[in-house]
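**Q** Put together the whole structure using the sequences plus the hints.
Residue numbers for the sequence shown follow our numbering, beginning at 178 and rising by one.
If you are wondering where the hints come from, they were derived from the structure by calculation, not from laboratory data.
Every value quoted in this text rests on a predicted model; they were computed, and no experiment measured them.
Possibly wrong hints are sitting among the right ones.
What the hints assert, rightly or not - Quick list of simulated restraints, FRET-style, between CB atoms:
id	residue 1	residue 2	range
1	Ala-254	Asn-275	16 to 26 Å
2	Asn-292	Tyr-219	33 to 43 Å
3	Tyr-219	Leu-278	22 to 32 Å
4	Leu-278	Glu-229	24 to 34 Å
5	Ile-211	Ile-281	13 to 23 Å
6	Tyr-219	Gly-188	43 to 53 Å
7	Gly-290	Asp-203	36 to 46 Å
8	Gly-290	Lys-202	40 to 50 Å
9	Glu-186	Gly-272	42 to 52 Å
10	Cys-189	Leu-261	15 to 25 Å
11	Gly-290	Arg-230	33 to 43 Å
12	Asp-220	Ala-254	27 to 37 Å
13	Glu-186	Val-291	44 to 54 Å
As the list claims (entries may be wrong) - SDA-like, lysine to any residue: derived pairs with alpha carbons at most 25 Å apart:
id	residue 1	residue 2
14	Lys-226	Val-285
15	Lys-202	Tyr-256
16	Lys-202	Val-215
17	Lys-209	Glu-186
18	Lys-247	Thr-192
19	Lys-225	Ile-276
20	Lys-226	Lys-280
21	Lys-202	Leu-274
22	Lys-247	Arg-258
23	Lys-209	Cys-189
24	Lys-225	Gly-272
25	Lys-209	Ile-265
26	Lys-202	Asp-220
27	Lys-202	Arg-282
28	Lys-247	Cys-189
29	Lys-225	Phe-208
30	Lys-247	Gln-271
31	Lys-225	Val-238
32	Lys-209	Arg-258
33	Lys-280	Ile-196
34	Lys-280	Val-215
35	Lys-247	Asn-234
36	Lys-195	Ala-207
37	Lys-226	Gln-271
38	Lys-202	Cys-189
39	Lys-226	Arg-258
40	Lys-226	Val-215
For each residue, glycine too, the CB sits at the ideal point set by N, CA and C.
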Amino acid sequence: MVWMQGLLEKGCVITMYKIAVVGDKDSVLAFKAIGIEVFPVYDDEEAKKTVERLAANQYAVIFITEQVAKNIEETIARYNRAVLPSIILIPSNQGSLNIGLQKIRDNVEKAVGVNILDSK
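**A** Structure follows, in structure tokens:
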């Protein structure tokens with residue numbers, strides 16, 4: 178933390194970003210144990226509003242369960258074009274829909290020009 182004090186003395190502004198997880202209560206509650214802020218949602222409208230509120234309030238990373246994400250694709254797409262927040266899809270406690278994995282494949286293919294993640 179000495180380095181941070183030095184930066185502050187030089188007048189540097191240090192922004193502390195936060196991490197959140199959004200999804201059904203049973204899927205997200207365990208994240209609290211590792212210090213991630215948890216936002217259980219119960220319907221699509223609440224999920225949209227929660228993501229928008231988190232994006233506007235210094236959250237750099239927002240994990241969203243795939244089950245919630247599939248119903249708020251337009252909201253997520255809007256933030257995917259921005260630098261922050263980074264929205265990462267994760268499986269829920271009910272299992273994966275492979276949406277998150279497909280997005281990773283698409284991004285790698287876009288960056289590299291070929292899908293290097295397929296095992297064919």
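**Q** Now tell me, hint by hint, if it's right for this structure.
**A** Right, here's what the structure says about each hint:
Judged by the Cβ atoms, the range 16 to 26 Å given for Ala-254 and Asn-275 holds: they are separated by roughly 18 Å. For Asn-292 paired with Tyr-219, a C-beta distance near 36 Å keeps the hint of 33 to 43 Å intact. Between Tyr-219 and Leu-278 the C-beta distance comes to about 26 Å, which sits within the given range of 22 to 32 Å. Between Leu-278 and Glu-229 the beta carbons are some 25 Å apart, a value that agrees with the proposed interval 24 to 34 Å.
Between Ile-211 and Ile-281 the C-beta distance comes to about 22 Å, which sits within the given range of 13 to 23 Å. Separation of Tyr-219 from Gly-188 is about 45 Å and conforms to the stated range, judged on CB atoms against 43 to 53 Å. As the Cβ distance of Gly-290 to Asp-203 is approximately 40 Å, the hint placing it in 36 to 46 Å holds. Judged by the Cβ atoms, the range 40 to 50 Å given for Gly-290 and Lys-202 holds: they are separated by roughly 41 Å.
Against the hinted window of 42 to 52 Å, the Cβ-Cβ separation of Glu-186 and Gly-272 comes to about 50 Å, which satisfies the hint. At about 19 Å, the CB distance of Cys-189 to Leu-261 agrees with the hint of 15 to 25 Å. In this structure the hint that Gly-290 and Arg-230 lie 33 to 43 Å apart at CB holds, the actual value being about 37 Å. The given range of 27 to 37 Å is broken by Asp-220 and Ala-254, whose C-beta atoms sit roughly 20 Å from each other.
Between Glu-186 and Val-291 the CB atoms are about 49 Å apart, so this pair conforms to the stated range of 44 to 54 Å. Distance restraint check for Lys-226 and Val-285: the Cα-Cα separation of roughly 29 Å exceeds the 25 Å cut-off, and the hinted pair is therefore not satisfied. Under the criterion of a C-alpha separation no larger than 25 Å, the hint pairing Lys-202 with Tyr-256 is consistent with the structure, at around 23 Å. Between Lys-202 and Val-215 the CA atoms are separated by roughly 9 Å; this keeps the pair inside 25 Å, and the hint holds.
About 34 Å separates the Cα atoms of Lys-209 and Glu-186, which puts this hinted pair outside 25 Å; it is violated. For the hint linking Lys-247 to Thr-192, the alpha-carbon distance of about 31 Å lies beyond 25 Å, and the restraint is violated. For the proposed pair Lys-225 and Ile-276, the alpha carbon gap of about 18 Å is at most 25 Å, so the pair holds. Proposed proximity of Lys-226 and Lys-280 is supported: the alpha carbons are some 23 Å apart, at most 25 Å.
Taken as a hint, the Lys-202 and Leu-274 pair is honoured in the structure, with Cα atoms around 18 Å apart against an allowance of 25 Å. For the proposed pair Lys-247 and Arg-258, the alpha carbon gap of about 18 Å is at most 25 Å, so the pair holds. With a CA separation close to 31 Å, the supplied pair Lys-209 and Cys-189 exceeds the 25 Å bound. Simply put, Lys-225 and Gly-272 have alpha-carbon atoms about 22 Å apart, close enough for the 25 Å limit, and the pair holds.
For the hint linking Lys-209 to Ile-265, the alpha-carbon distance of about 17 Å falls within 25 Å, and the restraint holds. A hinted pair counts as satisfied when its Cα atoms are at most 25 Å apart, and Lys-202 with Asp-220 qualifies at roughly 12 Å. Distance check on the hinted pair: Lys-202 and Arg-282 sit about 28 Å apart at the alpha-carbon level, beyond 25 Å; violated. The straight-line distance between the Cα atoms of Lys-247 and Cys-189 is roughly 40 Å, outside the 25 Å bound, and the hint therefore fails.
For the hint pairing Lys-225 with Phe-208, the CA-to-CA distance comes to about 20 Å; that is within 25 Å, so the pair holds. The hinted pair formed by Lys-247 and Gln-271 meets the criterion: a straight-line CA distance of about 14 Å does not exceed 25 Å. Simply put, Lys-225 and Val-238 have alpha-carbon atoms about 16 Å apart, close enough for the 25 Å limit, and the pair holds. For the hint linking Lys-209 to Arg-258, the alpha-carbon distance of about 28 Å lies beyond 25 Å, and the restraint is violated.
Between Lys-280 and Ile-196 the CA atoms are separated by roughly 20 Å; this keeps the pair inside 25 Å, and the hint holds. The suggested pairing of Lys-280 with Val-215 holds, with an alpha-carbon distance near 23 Å, which does not exceed 25 Å. The hinted pair formed by Lys-247 and Asn-234 meets the criterion: a straight-line CA distance of about 23 Å does not exceed 25 Å. Our distance criterion of 25 Å between C-alpha atoms is met by Lys-195 and Ala-207, whose separation comes to about 17 Å.
With a CA separation close to 23 Å, the supplied pair Lys-226 and Gln-271 stays within the 25 Å bound. Taken as a hint, the Lys-202 and Cys-189 pair is broken in the structure, with Cα atoms around 39 Å apart against an allowance of 25 Å. The hinted pair formed by Lys-226 and Arg-258 meets the criterion: a straight-line CA distance of about 18 Å does not exceed 25 Å. Among the hinted pairs, Lys-226 with Val-215 is consistent with the structure: their alpha-carbon atoms are about 15 Å apart, no more than 25 Å.
Taken one by one, the earlier hints fail for this structure at numbers 12, 14, 17, 18, 23, 27, 28, 32 and 38, listed in ascending order.
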